[in-house]
Structures are given as structure tokens and as C-alpha cells.
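Peer 1: Spelled out, the chains give:
There are 2 protein chains.
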Amino acid sequence: MRTDFPVVGVVGGGQLARMMQPAAINLGVTLRVLAAGPQESAAQVIPDAVVGDEKNVADLLAFAEGCDVVTFDHEHVHPDHLQALEEAGHIIRPGRQALLHAQDKGVMRERMTALGVANPRHHIVATPDQAAAFAEQLPPEGSGDRSVVLKTTRGGYDGKGVWLSDATDIASEPFAAGVPVLVEEPVDFRRELAAVAVRSPHGQAVAYPVVESVQIEGICLEVIALAPGLAEDVAVQAQRLALQVAAEIGVVGVLVVELFETTDGDLVVNELAMRPHNSAHWSIDGAVTSQFENHLRAVLDLPLGDPSAQAPYTVMVNALGGDLDGVYGTYKHLLARDPALKVHWYGKAVRPGRKIGHVNLTGADVADLRERGWHAADYIAGVIDE
Amino acid sequence: MRTDFPVVGVVGGGQLARMMQPAAINLGVTLRVLAAGPQESAAQVIPDAVVGDEKNVADLLAFAEGCDVVTFDHEHVHPDHLQALEEAGHIIRPGRQALLHAQDKGVMRERMTALGVANPRHHIVATPDQAAAFAEQLPPEGSGDRSVVLKTTRGGYDGKGVWLSDATDIASEPFAAGVPVLVEEPVDFRRELAAVAVRSPHGQAVAYPVVESVQIEGICLEVIALAPGLAEDVAVQAQRLALQVAAEIGVVGVLVVELFETTDGDLVVNELAMRPHNSAHWSIDGAVTSQFENHLRAVLDLPLGDPSAQAPYTVMVNALGGDLDGVYGTYKHLLARDPALKVHWYGKAVRPGRKIGHVNLTGADVADLRERGWHAADYIAGVIDE
Numbered sequence: 001m002r003t004d005f006p007v008v009g010v011v012g013g014g015q016l017a018r019m020m021q022p023a024a025i026n027l028g029v030t031l032r033v034l035a036a037g038p039q040e041s042a043a044q045v046i047p048d049a050v051v052g053d054e055k056n057v058a059d060l061l062a063f064a065e066g067c068d069v070v071t072f073d074h075e076h077v078h079p080d081h082l083q084a085l086e087e088a089g090h091i092i093r094p095g096r097q098a099l100l101h102a103q104d105k106g107v108m109r110e111r112m113t114a115l116g117v118a119n120p121r122h123h124i125v126a127t128p129d130q131a132a133a134f135a136e137q138l139p140p141e142g143s144g145d146r147s148v149v150l151k152t153t154r155g156g157y158d159g160k161g162v163w164l165s166d167a168t169d170i171a172s173e174p175f176a177a178g179v180p181v182l183v184e185e186p187v188d189f190r191r192e193l194a195a196v197a198v199r200s201p202h203g204q205a206v207a208y209p210v211v212e213s214v215q216i217e218g219i220c221l222e223v224i225a226l227a228p229g230l231a232e233d234v235a236v237q238a239q240r241l242a243l244q245v246a247a248e249i250g251v252v253g254v255l256v257v258e259l260f261e262t263t264d265g266d267l268v269v270n271e272l273a274m275r276p277h278n279s280a281h282w283s284i285d286g287a288v289t290s291q292f293e294n295h296l297r298a299v300l301d302l303p304l305g306d307p308s309a310q311a312p313y314t315v316m317v318n319a320l321g322g323d324l325d326g327v328y329g330t331y332k333h334l335l336a337r338d339p340a341l342k343v344h345w346y347g348k349a350v351r352p353g354r355k356i357g358h359v360n361l362t363g364a365d366v367a368d369l370r371e372r373g374w375h376a377a378d379y380i381a382g383v384i385d386e
Numbered sequence: 001m002r003t004d005f006p007v008v009g010v011v012g013g014g015q016l017a018r019m020m021q022p023a024a025i026n027l028g029v030t031l032r033v034l035a036a037g038p039q040e041s042a043a044q045v046i047p048d049a050v051v052g053d054e055k056n057v058a059d060l061l062a063f064a065e066g067c068d069v070v071t072f073d074h075e076h077v078h079p080d081h082l083q084a085l086e087e088a089g090h091i092i093r094p095g096r097q098a099l100l101h102a103q104d105k106g107v108m109r110e111r112m113t114a115l116g117v118a119n120p121r122h123h124i125v126a127t128p129d130q131a132a133a134f135a136e137q138l139p140p141e142g143s144g145d146r147s148v149v150l151k152t153t154r155g156g157y158d159g160k161g162v163w164l165s166d167a168t169d170i171a172s173e174p175f176a177a178g179v180p181v182l183v184e185e186p187v188d189f190r191r192e193l194a195a196v197a198v199r200s201p202h203g204q205a206v207a208y209p210v211v212e213s214v215q216i217e218g219i220c221l222e223v224i225a226l227a228p229g230l231a232e233d234v235a236v237q238a239q240r241l242a243l244q245v246a247a248e249i250g251v252v253g254v255l256v257v258e259l260f261e262t263t264d265g266d267l268v269v270n271e272l273a274m275r276p277h278n279s280a281h282w283s284i285d286g287a288v289t290s291q292f293e294n295h296l297r298a299v300l301d302l303p304l305g306d307p308s309a310q311a312p313y314t315v316m317v318n319a320l321g322g323d324l325d326g327v328y329g330t331y332k333h334l335l336a337r338d339p340a341l342k343v344h345w346y347g348k349a350v351r352p353g354r355k356i357g358h359v360n361l362t363g364a365d366v367a368d369l370r371e372r373g374w375h376a377a378d379y380i381a382g383v384i385d386e
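Note that the protein sequences, when read in sequence, are chains A and B.
Okay, so the first sequence: first residue is 1 according to our numbering, each after it adds one.
Okay, so the second sequence: first residue is 1 according to our numbering, each after it adds one.
Looking at chain A on its own, in the form it has when it is part of the complex (with noise of 0.2 Å):
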């Protein structure tokens, strides 16, 4: 029927897989996705899931046989299993050089300082005693203390692989995963902002407005489109670095640089990421073009569309699974409370902490939205009684 329209696969079935499916609607384009099982967040709103292993190679490889070109949900596909798709002619967006960056924070750090980009100090290492050699040369904090920040290289997400310690007494959960330990200055910062870029594979670029971060506990709860208060001058910075970064590492699909923005002002690279991300989950009711949009526009080589915000701010709250069963319970309140209320749930089973959807708000007033975003995500939580 739809002959001339192309297929894109997704591996892993997450919530990411989750959101272009909607953009993939509209665009007449056909979504398959590799998941875990029929139950995963996108294998339950896109037809025919391939049920598979991600890990398994040969898996992969059937899954890409019905695919015009690959994508991904995340960045966690091994680099042997993607050099086996592209060397079997499969074509895979972004491709496994670019997606090294955001696999391998060594990699990355590496490539970061070969660019002149600024990077936090730091060096890779293997021991805890490596590590408290490179603290020693750090200046001590204003307390006197010295401490540092150790990240496993490999297979961090939320937070997770990544550990705050003091100087003279390294931690030695890191080096438990026999993975390289990053391990860096810690950043005297602000507050963290994110700067998303979108490149297609004949190199046309976009750069969104340039958000702030609100993580805790090193998980992304809210983001603030625009950042407020942020000079012209810095958030261009901010762009030209993620249009700088994609265009050099050959990124295909949406980059996401993580910066800080030091107490100074300056902005520092914290991480990578090269998918949509949780920091452009705004973008789908406050751009023109979401991120998930062009995401696909990318990986088709399609022309990209337009980032531009469509409201002064828009706010994005992450709701996380708490005490209540019965989310949808919750939606009487919260929608009749609220009815300029975007919710986007994930349908994943509900789990302490676990990210299970999240909430847009567009408008001037940006205490306004946040205020109602905070509102609904601790009343989904059970935070709150009414």
C-alpha cells in the first residue's frame, strides 16, 4: 500500500521508542520495534513488536533485516554488535563511531579536550590508588577537603555509576564493574543546562532553545524551556558547542550535550547523550518540531524542522512511581485541576523512583508552570493528598 514510505526500526522498547511513535504517525512513516517482551512501554502502542534480546546479535540482525534504516532507544547496543550490522549493510543511525561518545565517557572526554571543548579536569584510571594520585594535584575546595567524581566509562544511566568521593579515601564501588574509572574535578556549577541538536546524515543541523536541568540525586526531574535568566550570549555558546560536537563526532539523529554552567559562568561539558533525551521532552507541546520529530527526520535524511519554542517557557516535570497503584485514578484531579495539563504516561508498571511519565506546561509565567507541573508529578507520586 504505503510502498514508497520507509520503515525505521527502534531498538529497545522503552519510552523514547515509546514517543515517536506519535511522530511517526503523522509522518506516514512505519515504526517497528525490538523490545524485551510485548509489554515493554513501546511495544504496547507499536503493531508487531519484534520480541528479541538486544544483546543477542543475531537478534539484531533480524530485527534489522525489516528495516530501512536503525535506530535506537538508548546507547547501551555493544560496539561489536553494531560494527556486525553495518559490516552485514544495514544502516544504522547514529552510527557505531559517533555512538562510542556516548558509550564510553573515556572516549568522549578524550575527544571533548582533542576540540577544545572545556571539560572538567580529570583522567581515566584503573585503580582507587590512580585516582587518589590525580586527586592530590587537584587545589583543595574552599573547606580545605579535597573530593572528586568517579564514573564507571561504560553503562551509567540516571545517575547510576557515578559516585562522589572523598580525596583520601576513594571509593571502590567503581572499580567493582572491571570497566575503566573516569575520574574528574568536581564542578563548582550554577545550576546544569542542556543544549539539543538535531543533524541529518547529509549534515543539516538544528540547535533547540537551550533548557535548564533540575536533576537531584543525579535524575532529571523538571526542565525549564527556555533557562531562565540566560544570557544570549552563553545559551548561542551553548548551541554552536552541540552543533560543533554533532557535526565533528558525525552524529546522525538528536545530540544532547550536558553542561554545567560554572559559578563563573562558563560552560563545561558533563555528558553525552544521542537519542531524544528526557531534556527535550518539552519540545513535543513546546516546539514546533519535537524532538522525537526530528529525531526521525534525521535518521530518514529528511529535512529537519523547525526547533523554535512556541511559548515563552514551557516547563517539563517527571512524574516518579510512588505509593499509588492507581495512576489513572489520579487523572479526575489532576486534569480538572488543570485543564492546559500535557500528560504523557509510558505505561510502565509503577516502581518507587521509576520514571513513569511525565508533564508539559506552555505559558509566560514560568512560576506559574512550574508550580503546576511540581503539582500534578508529587500528587502522581502520592506526595501529596489533594
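Keep in mind that the hints were calculated from the coordinates and are not lab data.
Treat each hint with caution, since some may be false.
SDA-like cross-link-like pairs, simulated, lysine to any residue; straight-line CA separation at most 25 Å [claimed, not checked]:
1) B:Lys332 with A:Asp80
2) A:Lys332 with B:Asp306
3) A:Lys332 with B:Ala309
4) B:Lys332 with A:Gly95
5) A:Lys332 with B:Val288
6) A:Lys332 with B:Ala247
7) A:Lys160 with A:His90
8) B:Lys160 with B:Val179
9) A:Lys332 with B:Gly66
10) B:Lys355 with B:Asp306
11) A:Lys332 with B:His123
Here the structure is a predicted model, which is why all the values come from computation and not from measurement.
Given chain A, work out where chain B should sit, using these hints.
Peer 2: Structure of chain B alone, referenced to chain A:
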């Protein structure tokens, strides 16, 4: 997993059911669809489509078994079958009694008259002679001629089932269908408007901004939201009319009142529709809450969302099938020419004159939006080369 979230069944697998899926995904509500085949527009994007015959009451009853509430993609399910569904205890929204007003133009005209709503002068007839007798009572038009509009009371859509006939030589085709025929005076109108309301079972209702609908040969080709230059009091009158009709008839879900704005500035009811409708497709990109989301909220008896426009104007232009086979091939040009163009594709086989998608554009300059929308639609249809 999501045991507290309900299942909404949609009878009919066309583009209206398809466009409910993004809204259902966001709300976390599960959509099921009864479609004629797996390649129907909605069945492509909604998992586990039930293939069945919506004219077969057994298929309808079996489909409804798995649903918490059943709604519709069109108004053509036979009233006897709706009754069977209701008698079997299934929740049907809108219900049989309300739907009858969208299924039978004679019933609709009688009810509008009883409600004191302005109708064209009309009569329900069984023969051409009876239509001619009605026509003789009408005042002659400016030219001295008399003409009448003939409509089959049941089964028409998109201009089908409607004839303009010379009063002295009544067309015979309308009588061939074997259903009563509605004969009406032609309305001398300036333009066509549509007032869209959404009503929930507990009686909450919202009214969308009143739009102008541009129809050619009975097919809606363009919608401008809000209707340019519409007097505020007329807009309020139209919204009140839609809300009144929805409440009096007991509509649940979307109600569309298609209106003539007469050359004297009065409003006259043309048709009713009781489902998401072409005249509110603009709301996907132009309103805080789309008609599809509000339809789902209504049939689930959830609080309704804000129907406000997000921009001064949103223009929707339908894309009709033309000579082009490879519609996807138009995307490179269309999306590059207009990064803010919002494409909505239906996944239907291209046939000349068939609605295969639409585009939305939001902004402040209605002439600019219309030019861009028509460019896209004409390019898709193959009317223009560049």
C-alpha cells in the same frame, strides 16, 4: 501491567481512528480498533487491530467484549446494531439516540426545528412530485428561477448524497436509494463555518474556536481557525449553539455543527457530525488540546482539556490524491521549503481526489499560512512541479 488504565475500542479503521492513537499514547490509554483489514489507516498504527465487518452485529459484539468503552470513526453503524451493543451492556459513546441525529438528516432537521435552531426551509419527501410541490412554495430567486437542494436522509458524506436541482425538473437520483429525501431551500451564504463542541457523560462541555471551512464540490479542502473577521457575537452564538445541541441531544464526544453564515450575517445549521471531524484537524497543532484527545477524554468521562488556540491562526489544508505515486518523495521538497509545516499522513493508497493527509500551519499572517498550506497540498497532488 496497566490494569487501571482503560481500553477504548474504535469502530472503523480510517484516519480519524488513526489520529486518536497519538492522543491515546500520551494519556496512556489503550486503543483497539475494529477495521476491515490490517492495511487500513488506523490498523497500521494501533497494535492488535481486530479485523471484522462492522456491518455484522456479531463482529461488533465480539469486538466490544474487550473494551471498556466503544466509540466510532464514522456514523454509519446501523442503529439496530448500536441497540444490540447497548442491550448487551456495552458502553457506547456517543449513544444510539444521539448518533441518530448524525445518521439521519430528517431526524436532525426535525430536532433542530424543535430546539428553535435556524434551519433552511425543508420538507421530507418520498417522490420527485412531492419535492416539486415543496419547491413551488419557495420564493423565486433573483434570476426568477427556483432551485432546491435534495439530500438522501441517510448514507451521505463528503458531498455524496447531495444534489442541487432545478425546481421544475426534480432530479431523480436521490430517490433511487429508497430512503426518504430531504428537500431544502438553497441557502444564500457568505461562507461556511463550523462550531465544534466536546461533551462528556457527566455534562462538562468545551467549545473550540469557530472556524471557516472552505468546501469545493461538497468536500472540505481548507479550514481556517479562527474564522477570519468573524464578529465576536456571532462566534459566541455559534459556540452556544454547538453546546446547546450537544446537551439537548446528549452527545458524548465531539459534536460538529456545520453552519452557513448567510449573506445577511445569520447562522443556519447545515449538518451535524458526531466524531472527530475534518473541521477540527487544525486542533492537533493549533489548540492546547486536540479534538482527538478531547474525544478520548469525553468517552472516558475524564475532565476535558483546554480547547484554546495556541496561535492567532491555524490553517489546515487537505491533501488529495493526484497523479503522484510516490508521495514520500515530495517530503524532501516540502519539509525543506517550510520547516514549520506539520504533515499528517493517513497511510492510505493514493487515488485521485481521495483525502490522503493534511497539513497544518500556525502563525499570525493568515494569507501567508494559506499560501504555504495550499502549496504543500497542490505539490502533493502533483498540481505544481516545484
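Peer 1: Let me make sure I understand: some of the numbered hints might not hold for this structure. Which ones are they, in numerical order?
Peer 2: 1, 7, 10, 11
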